[in-house]
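Chemist: Quick note, the sequences are listed as chains A and B, same order. Counting in this note's numbering, the first sequence runs from 31 upward without gaps. Counting in this note's numbering, the second sequence runs from 36 upward without gaps.
None of these hints come from the bench; they were simulated from the model. Don't take each hint at face value.
Below, simulated DSS-like cross-link-like pairs (lysine-lysine); rule was C-alpha separation at most 25 Å, straight line [as the list claims (entries may be wrong)]:
#1 B/K228 <-> B/K158
#2 B/K101 <-> A/K313
#3 B/K127 <-> B/K228
#4 A/K313 <-> A/K283
#5 B/K216 <-> A/K283
#6 B/K228 <-> B/K216
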Amino acid sequence: MCGIVGLFLKDPRLEPGLGALLAGMLGTLCDRGPDSAGFAVYGRDAPAGSAKLTLRTVPGFDVAGLMERLGRVAGAPLPHQVRDTHVVMTVPAAREAAIRAELARIPGTSIVGAGRRMEIFKEVGRPDRVAARFGLERMAGTHGIGHTRMATESAVTTDGAHPFTTGPDQCLVHNGSLSNHNAVRRELVRHGMSFQTENDSEVAAGFMTWKMREGASLEAALNAALAALDGFYTFVVGTAAGFGVLRDPIACKPAVMAETDRWVAFGTEYRALVDLPGVGNAKVWEPEPATPYLWERH
Amino acid sequence: MPTVDLADTPLRDLNAALHRLTPDSNETHWRVLNPRGRHSVAAGIDAPVAVEIAGHVGYYCAGMNKQASVVVHGNAGQGLAENMMSGQVRVKGDASQAAGATGCGGLLVIDGNASARCGISMKGIDIVVQGSVGHLSAFMAQAGNLVVLGDAGEALGDSIYEAHLYVRGTVSSLGADCVEKPLQEHHRAELRKLLEAAGVNGADLAEFRRYGSARRLYHFHVDNLGSY
Numbered sequence: 031m032c033g034i035v036g037l038f039l040k041d042p043r044l045e046p047g048l049g050a051l052l053a054g055m056l057g058t059l060c061d062r063g064p065d066s067a068g069f070a071v072y073g074r075d076a077p078a079g080s081a082k083l084t085l086r087t088v089p090g091f092d093v094a095g096l097m098e099r100l101g102r103v104a105g106a107p108l109p110h111q112v113r114d115t116h117v118v119m120t121v122p123a124a125r126e127a128a129i130r131a132e133l134a135r136i137p138g139t140s141i142v143g144a145g146r147r148m149e150i151f152k153e154v155g156r157p158d159r160v161a162a163r164f165g166l167e168r169m170a171g172t173h174g175i176g177h178t179r180m181a182t183e184s185a186v187t188t189d190g191a192h193p194f195t196t197g198p199d200q201c202l203v204h205n206g207s208l209s210n211h212n213a214v215r216r217e218l219v220r221h222g223m224s225f226q227t228e229n230d231s232e233v234a235a236g237f238m239t240w241k242m243r244e245g246a247s248l249e250a251a252l253n254a255a256l257a258a259l260d261g262f263y264t265f266v267v268g269t270a271a272g273f274g275v276l277r278d279p280i281a282c283k284p285a286v287m288a289e290t291d292r293w294v295a296f297g298t299e300y301r302a303l304v305d306l307p308g309v310g311n312a313k314v315w316e317p318e319p320a321t322p323y324l325w326e327r328h
Numbered sequence: 036m037p038t039v040d041l042a043d044t045p046l047r048d049l050n051a052a053l054h055r056l057t058p059d060s061n062e063t064h065w066r067v068l069n070p071r072g073r074h075s076v077a078a079g080i081d082a083p084v085a086v087e088i089a090g091h092v093g094y095y096c097a098g099m100n101k102q103a104s105v106v107v108h109g110n111a112g113q114g115l116a117e118n119m120m121s122g123q124v125r126v127k128g129d130a131s132q133a134a135g136a137t138g139c140g141g142l143l144v145i146d147g148n149a150s151a152r153c154g155i156s157m158k159g160i161d162i163v164v165q166g167s168v169g170h171l172s173a174f175m176a177q178a179g180n181l182v183v184l185g186d187a188g189e190a191l192g193d194s195i196y197e198a199h200l201y202v203r204g205t206v207s208s209l210g211a212d213c214v215e216k217p218l219q220e221h222h223r224a225e226l227r228k229l230l231e232a233a234g235v236n237g238a239d240l241a242e243f244r245r246y247g248s249a250r251r252l253y254h255f256h257v258d259n260l261g262s263y
């Protein structure tokens, strides 16, 4: 099963309410994926010369102590916001490598997202509760994607929760299962990519990152994925500029899109879209198999 | 006319009320508001009543329909009118995958497009799609008619048995054992009747092409005896 959603706002007046709209969409798809949930929100840009890191910690972690330790590495206190088990911190780009190296030495932490705009939150549990824990309904942004997971290919852990990110401001959510992910992972590792899990969807994310790192556009990367990845999939891929949607050539997994003058939305089912403003007059359609769809702001 | 607003009435209550209808019921015209993409709306009716649904529906709308006439003023999700037995189902918008799947009878009309696997394993249902159909439509179709006024996607009629397929537009490819066949006078009469029943006017019958089974796949061929 699994449920995925994506929302791209064309009307800046809707941006303060992005999180509330996304939370509604995720909550509706609880019954498609009650095991875990996650979402990426593309919010305010980090100040020039800095980057955002989203850190996941184990419950009860000493965040104050951690931030003090990282502040010493950075040479100054790091602006940060704690959201349940996650911490979003703004780090000087020049010190990012050193901070990552320090984090690698600290058990109970893992970086779940990085970039100028993207923040990622994911946890095990019912999607509506996960969204509430992180305060998704109060988050602002230009676009966001989310996932409710019913695990099939790997364990119900936070590491197995989507979105998967393998590059700055890039993430992917997946409904389906891949059959050649081990072979593709080996190939990507040879190209210098690294992976944190055994999950098939992380391989799809890594493939997209690798292609875009090599200079491909999001559209070209999605087309390359059609040739390289075997299995069932509907992907929503987020970048700093927007998101793309791709379904496998036999359209194994459901997908619905809707568009108005103010927004574009993706949902595994139409039910996820029914509370979006003006949905009654939206153009609603099923994306074609093996055809990339993209919405980006330039 | 009973009006059921799914914003305040549970879907199961609506379906239970529809299931309780008898042939002599005076409540012959129902209106359903705010379906909001819910699944299984108006599934399992067995009474000669009309049901109009104002909005988009989710999966399996009007599944197993018998006798009733169901109209969706919107789009429909997967498995629309799945295993329909009789009556009529019409969708004013588009339908998702597997519309009319395994249908045994009745008429399904889709004013817009149907996506993949329309009429999969159809067993006697008539389906008229005013737009186009996706890949693998009429897969393993056994009986009934599929009329497409637009185009058909890849592998139309794959492993087809005896259903009749009429397509006005292009066919991306034909599936295994599906071939084009001559459209004779009695086929034209059949097609005319189907279009009339669906309320489709002005379609030029000469523009349609007929497809069906080559009967090489499901008939035993004596040359293959050595394989057994």
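Chemist: So which of the earlier hints does this model not fit?
Modeler: Violated: hints 2 and 5.
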